Amino acid sequence: GEDVEQSLFLSVREGDSSVINCTYTDSSSTYLYWYKQEPGAGLQLLTYIFSNMDMKQDQRLTVLLNKKDKHLSLRIADTQTGDSAIYFCAERENTGFQKLVFGTGTRLLVSP
Amino acid sequence: DAGVTQSPTHLIKTRGQQVTLRCSPISGHKSVSWYQQVLGQGPQFIFQYYEKEERGRGNFPDRFSARQFPNYSSELNVNALLLGDSALYLCASSLRTDTQYFGPGTRLTVL
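Residue numbers (the working numbering), protein chains in the order written: chain A, 2 to 113; chain B, 73 to 183.
Take every hint as true, because none was put in to throw you off.
Among the chain B residues that face chain A by a calculated CB cut under 8 Å, a handful are:
#1 Q113
#2 G114
#3 P115
#4 Q120
#5 G128
#6 L162
#7 D170
#8 T171
#9 Q172
#10 Y173
#11 F174
#12 G177
It should be emphasised that the hints constitute simulated quantities derived from the structure, not laboratory data. None of these values were measured; they are calculated from a predicted model. The beta carbon of each residue, even a glycine, is placed where N, CA and C say it ideally should be.
Please build the complete structure, drawing on both the sequences and the hints.
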């Protein structure tokens, strides 16, 4: 089955680090993604990690992957008010075509 | 370079009507995927097209159909609209069938 789970809400203060967590179910997923969605907008690709990696860093973003527990996290360092948005994790299923399965999204609120 | 473009931005229809949504992929990208995002949820996969052929279909009724044109743009058609079809429809393009880049979406409201 396909079921990507995320916590619904996270609130942090500007300058703190944010950690958004995700669990996925398809152990054969090759890529896992993080997308950002601002109000009324489409999805912006933030970063992705290949399943044979356990960490990827990209400027303020750090992705950690624990394949044994099927757990993915996104850490945002020095969180800014402009980071306030909904963050989706997605797994890419190996179904013969590249279907993304998304979580329900985590709403990040950054207060000054 | 322009990103993925979608038209129209917003659309209001009544139950039973038909709607066509349009998507232009990033230049050079040959694959287009469609997703439906109901308010408060994550996007759900509808279709993927690559090189003008349907490569995958999600769990949506036959009222939903799509096609891809020789220039790789795509249309999503929904017939016999239901209230539950109200959603943000997202188009994503990829070079082949790899990383997907999303457009701004079309907001469909069914009254």
